[in-house]
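**Student:** As a plain string of letters, each chain reads:
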Amino acid sequence: MKAKRTFYSERIYPLLFMFAVTFFCILITSGLQLATEDRATANELAFTRRAILNAGGVAFENTTEGIEEAFQSKIEEQDGYYVADSNSGKRYIIPVEGPGLWGAITIMAGFEEDLSTFSGIAIVSQNETPGLGARIEEPWFTEQFRGKQAPFTLVEEGTADAPTEVDAITGATRTSEYFKNITNRAANDAKRIIGGE
Amino acid sequence: MTDSLMPFAVFFASIFTGNILLTNYLGMCSFLSVSKELKTSTGLGMAVIFVMATTTPLNWIVYQYLLIPYNLEYLRFIVFIIVIAAFVQLTEMTLERYSEPLYQSLGIFLPLITVNCAILGVSLFMVIREYTLLTSFFFGLGSGIGWFIAIIAMAGIRQKLKNAKIPPGLEGPGITLVIAGFMAMAFMGFSGMIAIS
Amino acid sequence: MQNESLEVSRMASKLLRKTFMEPLGKNNPVFVQILGICSTLAVTNKLQNTMVMTLGVMFTTALSSLTISILRNYIPSRIRMMVETMVIATFVIIVDIVLKAFYPEMWKQLGPYVGLIITNCIIMGRIEAFALQNKPMLSLVDGLASGLGYAYVLLAIAFVRELLGTGSLWGFQILGSWWTNWSIMIMPPGGFFVLAIIIWIIREKIMKEAKND
Numbered sequence: 000m001k002a003k004r005t006f007y008s009e010r011i012y013p014l015l016f017m018f019a020v021t022f023f024c025i026l027i028t029s030g031l032q033l034a035t036e037d038r039a040t041a042n043e044l045a046f047t048r049r050a051i052l053n054a055g056g057v058a059f060e061n062t063t064e065g066i067e068e069a070f071q072s073k074i075e076e077q078d079g080y081y082v083a084d085s086n087s088g089k090r091y092i093i094p095v096e097g098p099g100l101w102g103a104i105t106i107m108a109g110f111e112e113d114l115s116t117f118s119g120i121a122i123v124s125q126n127e128t129p130g131l132g133a134r135i136e137e138p139w140f141t142e143q144f145r146g147k148q149a150p151f152t153l154v155e156e157g158t159a160d161a162p163t164e165v166d167a168i169t170g171a172t173r174t175s176e177y178f179k180n181i182t183n184r185a186a187n188d189a190k191r192i193i194g195g196e
Numbered sequence: 000m001t002d003s004l005m006p007f008a009v010f011f012a013s014i015f016t017g018n019i020l021l022t023n024y025l026g027m028c029s030f031l032s033v034s035k036e037l038k039t040s041t042g043l044g045m046a047v048i049f050v051m052a053t054t055t056p057l058n059w060i061v062y063q064y065l066l067i068p069y070n071l072e073y074l075r076f077i078v079f080i081i082v083i084a085a086f087v088q089l090t091e092m093t094l095e096r097y098s099e100p101l102y103q104s105l106g107i108f109l110p111l112i113t114v115n116c117a118i119l120g121v122s123l124f125m126v127i128r129e130y131t132l133l134t135s136f137f138f139g140l141g142s143g144i145g146w147f148i149a150i151i152a153m154a155g156i157r158q159k160l161k162n163a164k165i166p167p168g169l170e171g172p173g174i175t176l177v178i179a180g181f182m183a184m185a186f187m188g189f190s191g192m193i194a195i196s
Numbered sequence: 000m001q002n003e004s005l006e007v008s009r010m011a012s013k014l015l016r017k018t019f020m021e022p023l024g025k026n027n028p029v030f031v032q033i034l035g036i037c038s039t040l041a042v043t044n045k046l047q048n049t050m051v052m053t054l055g056v057m058f059t060t061a062l063s064s065l066t067i068s069i070l071r072n073y074i075p076s077r078i079r080m081m082v083e084t085m086v087i088a089t090f091v092i093i094v095d096i097v098l099k100a101f102y103p104e105m106w107k108q109l110g111p112y113v114g115l116i117i118t119n120c121i122i123m124g125r126i127e128a129f130a131l132q133n134k135p136m137l138s139l140v141d142g143l144a145s146g147l148g149y150a151y152v153l154l155a156i157a158f159v160r161e162l163l164g165t166g167s168l169w170g171f172q173i174l175g176s177w178w179t180n181w182s183i184m185i186m187p188p189g190g191f192f193v194l195a196i197i198i199w200i201i202r203e204k205i206m207k208e209a210k211n212d
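Residue numbers (numbering that gives the first Met the number 0), protein chains in the order written: chain A, 0 to 196; chain B, 0 to 196; chain C, 0 to 212.
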């Protein structure tokens, strides 16, 4: 039996139906969003804090509570930088932002008291190509800066020897270059922000 | 890199080094099926350029002035799709009414584009990378051109393959993917093109 | 009367089984219908990311199919695609919100690709081809099975790519330092090649079986 094609069925009903569906969809998603909002913001904060802890070489338990606890007890926030009280001494951490291939790369750079030797680098955010430039987030890449001093030069992946050489990422030369520029700048920034206060 | 150069750098990068199809795997469905014929590929490619170049900045405006002020960012998926669908629908109707030749060469592909993941993907990338309005436009335009180049090249190659002997299991999508893989490798060679200061 | 209802339930369970098995093999969305490669191929360079993505796709396909099937007699045909898109988008947003709140690491790694599940042709394809004409329970099973069929192909690709490209699986180092990483595997071309080879192998197999039948 074919339904009668009235003005109602052709124009009004579809509109009503669409409204109803849209309303329900937005209701469900908004409800879920509100329920998890606080959690999501806490996660964001934990990310930044964890980067600071990593850059400062502070040991912590990798849970939201662990990060919070370590941050409160070991990190002191100053004007534009952080001071970390790690097991190996006092470290200074500054946020550094610079252009990447696709968008900005933001890192936390940690320094020993001489403000020259890196105690660690942690990525806060990046938008590089997944599987390529995004590999800057991988531990082996950020770890290699520990204990080294700027200015850095990039070498082929796996061949870094001298204390100023760092491995680039194979297939992500551009991103590696951008990252190197950021780290070189970090050293200067550190001396300026923390040292010459 | 200075901010004023960003749109142009993104423009070139989105065509070559970060090609929306060959690097980011977006827009494959129609790519695999339509690239059999050069003529339809051209029509579809041009439609893609048009829709990408217009909906990306459009979505930027909607995101900045509607979603962010009301804390509705999590609805961006729904909203972007609605914007894209509405815009495509509008364009199709306009073309059909005012320009028959343009409609024949471009307009008939428009419905196919609404579900093309590349269009939505470009808008989503734009949000993640926090582009400005101008950069969004060039990003959309560049991505569209990149997709266009990829599908044209593929169609040309497949035309040449018509008389080649291909193992039966690879016929159709199989060999297209292999060619796409080689094209992706070739495009990777472009990554040295843009010099950064 | 008893025999009839027994027969009906036996047919029903047979239909259920058939509906479940088809997308896994004969009608596998990815290599038979070449659907939905777009979004997920990009994350197949890591097994862990692929797992999360495919779970997201399974969730969305199954529940979208279910929802549309329940509503199928009430949806006006001219807004059919918009409604489908709206429903799919809702489930994807749910996945996105849940990831952001409970698995933020993963959420950051997957980036825009979660949102792109919406445009994944498989979901829309199954809805149009199956859910619109079939009962809710069957549609749910079909959606789930399609998602599963999609999942295991992508996991296979990810397995190859991650193992050959980084020597590790799920982040755990498997191959020792004797292995030189096939970097091409984690880069975009690798995804294309591995998928092409898998399609080739499967299709050859299917063709051989068809010849033997």
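Calculated directly from the structure, the hints in this document are not laboratory data.
In this text, all values refer to a predicted model and were calculated from it rather than measured experimentally.
Don't be surprised by glycine CBs; every beta carbon is placed ideally from N, CA and C.
Hints may be right or wrong, so weigh each one.
[As the list claims (entries may be wrong)] Okay, derived cross-link-like pairs now, EDC-like style, lysine to aspartate or glutamate, Cα gap no bigger than 16 Å in a straight line:
hint: 1; chain 1: A; residue 1: Lys147; chain 2: A; residue 2: Asp160
hint: 2; chain 1: A; residue 1: Lys190; chain 2: A; residue 2: Glu176
hint: 3; chain 1: A; residue 1: Lys73; chain 2: A; residue 2: Asp113
hint: 4; chain 1: C; residue 1: Lys207; chain 2: B; residue 2: Glu129
hint: 5; chain 1: A; residue 1: Lys190; chain 2: A; residue 2: Asp166
hint: 6; chain 1: A; residue 1: Lys190; chain 2: A; residue 2: Asp160
hint: 7; chain 1: C; residue 1: Lys107; chain 2: A; residue 2: Glu137
hint: 8; chain 1: A; residue 1: Lys190; chain 2: A; residue 2: Glu137
hint: 9; chain 1: A; residue 1: Lys190; chain 2: A; residue 2: Glu142
hint: 10; chain 1: A; residue 1: Lys190; chain 2: A; residue 2: Glu60
hint: 11; chain 1: C; residue 1: Lys107; chain 2: B; residue 2: Glu170
hint: 12; chain 1: A; residue 1: Lys147; chain 2: A; residue 2: Glu164
hint: 13; chain 1: C; residue 1: Lys107; chain 2: A; residue 2: Asp166
hint: 14; chain 1: A; residue 1: Lys89; chain 2: A; residue 2: Glu60
hint: 15; chain 1: C; residue 1: Lys204; chain 2: B; residue 2: Glu129
hint: 16; chain 1: A; residue 1: Lys179; chain 2: A; residue 2: Glu96
hint: 17; chain 1: C; residue 1: Lys107; chain 2: A; residue 2: Asp160
[Unchecked claim] Listed next, the stretches of chain B that the computed footprint assigns to chain A, with coverage defined by at least 3 CB atoms under 8 Å from CB atoms of chain A:
hint: 18; segment: 14-22
hint: 19; segment: 55-68
hint: 20; segment: 169-183
[What the hints assert, rightly or not] Incomplete in silico selection of chain A near chain C, CB under 7 Å:
hint: 21; residue: Val20
hint: 22; residue: Cys24
hint: 23; residue: Gln32
hint: 24; residue: Arg38
**Student:** Can you take a look at whether the segment 14-22 of chain B is actually covered by chain A? Rule is 3+ residues, C-beta closer than 8 Å.
**Tutor:** Result for this restraint: holds, n = 3.
**Student:** A/Lys147 and A/Glu164 were given as a pair; does the straight-line alpha-carbon distance stay at or below 16 Å?
**Tutor:** 9 Å, holds
**Student:** Is A/Lys190 within 16 Å of A/Glu142, Cα to Cα?
**Tutor:** Outside the cut-off at roughly 22 Å; violated.
**Student:** Next pair to validate is A/Lys179 with A/Glu96; report whether the Cα-Cα distance is within 16 Å.
**Tutor:** 12 Å, holds
**Student:** Does A/Arg38 pass the interface hint, meaning its C-beta sits closer than 7 Å to a C-beta of chain C?
**Tutor:** 4 Å, holds
**Student:** For the hint on A/Val20, does the least C-beta distance to chain C fall short of 7 Å?
**Tutor:** 6 Å, holds
**Student:** For the segment 55-68 of chain B, count the residues whose Cβ lies under 8 Å from any Cβ of chain A; is that count three or more?
**Tutor:** violated (count 0)
**Student:** Is it true that the CA of A/Lys89 sits at most 16 Å from the CA of A/Glu60?
**Tutor:** The given pair, whose Cα atoms are some 20 Å apart, is violated under the 16 Å limit.
**Student:** Checking one constraint from the list: CA of C/Lys204 to CA of B/Glu129, max 16 Å. Satisfied?
**Tutor:** 47 Å, violated
**Student:** Is it true that the CA of A/Lys190 sits at most 16 Å from the CA of A/Glu60?
**Tutor:** 30 Å, violated
**Student:** Taking 8 Å as the C-beta cutoff, is the stated coverage of the segment 169-183 of chain B by chain A satisfied by three or more residues?
**Tutor:** Answer violated; 0 residues pass the 8 Å Cβ test.
**Student:** Against the 16 Å threshold, does the CA-CA distance of A/Lys190 and A/Asp166 hold or violate the hint?
**Tutor:** Violated, at roughly 25 Å.
Checked against the numbered hints listed earlier, the structure breaks hints 2, 3, 4, 5, 6, 8, 9, 10, 11, 13, 14, 15, 17, 19, 20; every other hint is satisfied.
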